[in-house]
Amino acid sequence: MATDRRSPALATAGWYVLLSALSLLVLFPVYMLVLRALSNPLEYIAQGQPLYPVQPEWDVFATAFSEADLGRALGLSALVTSIIVVVQLLTSVLAAYAFAFLEFPLKRVMFVMVVGTLLLPIEVTLIANVETMRTLSWLNSVQGLTFPFLATAFGIFLIRQGFLGVPGELRDAATLDGYGHLRFLFRVAMPMTRPIIGSFVVISFLGAWNQYVWPRFATDRQSWQTVQVALRSIGSDRVDRLNIGFAAAIVAALPLLALLIFFQRQMVRGLTAGAVKG
Amino acid sequence: MTDLPGAEAGAEDLVRAAPTAPLGPRSGDGRRRLRDALMAYLFLLPALVTFAVFAYYPLYRLFWYATHRQPRFRNRPPTYVGFSQLWDSLTSRDFAQGLLHSATFMLYTVPLGLVLGVVLAVAAHRRLRGIKVFQTIFSSTVATSVAVASVVFFTLVNPEVGYFRNVTWLSLNDPTSAMFAVSLSSVWQNLGLTFIVVLAALQAVPEELNEAALLDGFGPVRRFFRVTVPLISPALLFLAIVLVIHALQAYAQIEILTGGGPAGSTETLLYKIADPKNIRSLDLKAGLSIGLFVLTGLVAFVQYTLLSRRVHYGD
Amino acid sequence: MSGVTFQQVTKRFGDVVAVDQLTLDVLDGEFMVLLGPSGCGKSTALRMIAGLEEVSDGLLTIGDRVVNHVPPQDRDIAMVFQSYALYPHMTVARNIESPLVANKRARVDADERERRVKEAAATLGLEEYLGRKPGELSGGQRQRVALARAIVRRPEVFLMDEPLSNLDAKLRTQTRLELVELHRRLGTTFVYVTHDQVEAMTMADRIAVIADGRLQQVGAPQAVYERPANLFVAGFIGSPPMNTLRGVVSPGTPAAVTTPSGTVRVADRGTAADDTEVVAGIRPEDLSVVPPGGEGVVGRVENVELLGHERHLVVSCDGHVLVVRQDNGEPTPAVGETVTLAARPEHVHLFDPAGSGRLN
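Residue numbers (this note's numbering), protein chains in the order written: chain A, 1 to 278; chain B, 1 to 315; chain C, 1 to 360.
The following block holds chain A by itself, in its conformation from the complex (with noise of 0.2 Å):
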């Protein structure tokens, strides 16, 4: 790429140099997150703010659990994902075989009412369906939380995507071996759409861990925070436990952060098939 003509040593410190800066622009906000998650609010404050830790207080984290609870949104968020990508995985893989490898009357009709979901995304219809968890009695409840996310017409697209990909004549193959529909998904169509269904799973399990509007207001109490509403609210009651709620978001973005480091790939491929929900 670095096709320039002058020095080459001088012209890769350049670029060494301007990723540099880049990077602490990335990376400024977030040490300044960990940096106000280890001082102690009111010292660093009084100390005029300066870019170093004051009064650390590394046993923050610890706080947060005991005393803010985090423990148990972490709980529920992981609870709540879990259902969610599990569930979509299940619901998606089987619209997708339908829709991929079955012939059926109004076919077309379904396929359409699936298109018109993604001009329903929660944030519109997000009244109507808090008004739904009311009349239902499940505002502060796992199905509450979990039920209008059970399937996903990303993830059929994805996932049909994928089984459109596995050729013909292995499926004719298939067929002359003597598959039967369950056998050809799980055995066959499956096991070669893997690394689609990876992506799928990873980009669904950050879209729910992050999830904040629907848990805002499917719940009404406390304890049913998942972390991403508790952020709101952890520490933020007083200044000098605002560290609290700092580590607490540090401690939310971890699992994500592990999601990238270990699947960056599928990450990377999920989100570059159609970012649809980002």
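Accuracy of the hints is not assured; some may be wrong.
[Stated by the list, open to error] Reference excerpt, derived from the structure (chain B facing chain A, CB under 8 Å, subset only):
#, residue
1, 128
2, 225
3, 227
4, 292
[Stated by the list, open to error] According to the in silico footprint, chain A covers these stretches of chain B (three or more CB under 8 Å from chain A):
#, stretch
5, 76 to 88
6, 96 to 104
7, 133 to 139
8, 183 to 196
9, 294 to 306
Derived by calculation from the structure, the hints in this document are not laboratory data. Everything numeric in this text was worked out from a predicted model, so none of it was measured. Ideal placement from N, C-alpha and C gives every residue a C-beta, glycine not left out.
Following the hints, complete the assembly by docking chains B and C onto the known chain A.
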């Protein structure tokens, strides 16, 4: 999918290429066809029920709420007042204001987000030792949620305790700068996504094209604008649309950073719909939701037309 | 073991007729090649035997069982596909045993399964690759895995859809021999689809030539070559293709066809009447250069193609292009030279220009 084979194409090839050929013969006998159809409906049921209950029924309810007046007392049923009430919602000050604020938010986040994403991607798209480290750093903000990003920016722009509390053009206390400060948190949070998508697009540009342009005597800048930008334009378009949708759906950053203030200057359309302080009537919020629905539809329409026009570039 | 019988079998896709009233007997144990240009319906015919396409009309029989409505997995057939259609995520062993596992009726116990997989792998020399995945194999090895998967179920009929077309030329020649050998060893009915006449000529017991969904001719390769039933078969089989010249049958014996560029002697005029228009077909090896002034057709040498073991003269005669196959020993005319070409009368084929059928 159901098109009959054309005259010039061999029926054989078409059938072999047909993406929808089921297990078993394509044109099955009655019983097999029935069995396949039943299976398809069974497979689609969970998804379609979810969509019906939590997407389509709510849409109907939005129209219902928007055309009914809620009773003063809980024990009386709502009364139908007609579409004039929906019209009133859509011509209300709340809607106009929310729309303006959402548009402002878009204006701040979309172009800046795109440009920064391209800058990061171009900088990190080269063969250098350790480039993976930089690429990981630039992608890192995909690991942050809107809520986490908002807490991060809380440490920067909060009027009492933020690092930049004295920087006037980032002040959350000033109605003219508050939205910009909130927008920055979104720009930062979206950096990872834009970087990843643009980098992937850059990596898909064939090396020969750059080499050919080099041989044609184009300098690096002209090469970038003449060769690279046109080739990654589908990705940029895609990103622009994603960022517009993100802007329409911005909520957490506003609640956490400003609570809609100062003086309602950061109340976007969705913020007014969500209405955390519960000061608006259900029918008004339903009306605003329908407005948001229409906007979402417009974006989808634009996306569809643009993508179908540029489809030859895509992928 | 059993043969396959088509009785008036038709396959329609919407308005398009892919196979038109095909009647064909594939004998028990025979190596039958369905030969034709792409899109002619030969693959559709094969897929109907497999049960991958439904029969629109007519009767299809395997052995003595009408299989029109028998599901593919119950037909006692095995198929080798052009792309081999191996499961990319399974090992070679799992691929080979797949028909024994997936099909409820064909299921056998684990020991028997292992024995059969080993046997099939041994037959095709795949023992050392059983643990690998298809992606790690060469094209030829993949092709053999596909064959092993076919023989492991011990079918009555083997179906092959252009199984050699993804191999390079050298491997193709070698695999041809191996397939013939396999057929000899198994003694099972083979139905083999190809557009490559060399494959058809070298492997088939009998060839069925198909064009436009219709059967053109069935017969042993040599018989089809020597007595093509119509102009299509005449032009399709043989390389370079048979030369054709339009002319009029002149009265008298021995018979002759008078063309604008000269006379062609015909040993057997068949049903061709005097003074009717016919098309005379002459294979390149049946034409030879005769001294000037002799009886024959006159033309100008346009090109001489040297192939090493032989030569092809390209001669234009009044708008027709004739190809003459020459041995290296014969004298070479120069390009631009005018030559007289004579055909061996006993090897001149006469066709009806309207119906295109054979006349002699």
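Now the hints, each set against the structure:
Taken as an interface hint, residue 128(B) checks out: its beta carbon lies about 6 Å from the nearest beta carbon of chain A, inside 8 Å. Taking 8 Å as the C-beta contact cut-off toward chain A, the hint placing residue 225(B) at the interface is violated, the least distance being around 16 Å. Violation of the interface hint for residue 227(B) is found here, the shortest Cβ-Cβ separation to chain A being roughly 13 Å, above the 8 Å cut-off. Look at residue 292(B): its Cβ gets to within about 5 Å of chain A, closer than 8 Å, so that hint holds up.
Remark: the stretch 76 to 88 of chain B is not confirmed as covered by chain A, as 0 of its residues place a Cβ nearer than 8 Å to a Cβ of that chain, below the required three. Given as covered by chain A, the stretch 96 to 104 of chain B fails the check, having 0 residues with a CB less than 8 Å from a CB of that chain where 3 are the minimum. Three residues within the 8 Å Cβ limit are the bar, and the stretch 133 to 139 of chain B against chain A gives 5, so the coverage statement holds. With a threshold of 8 Å between beta carbons, the proposed coverage of the stretch 183 to 196 of chain B by chain A holds, since 5 of its residues qualify and at least three are required.
Counting residues of the stretch 294 to 306 of chain B whose C-beta lies closer than 8 Å to any C-beta of chain A gives 3; at least three are required, and the coverage claim holds.
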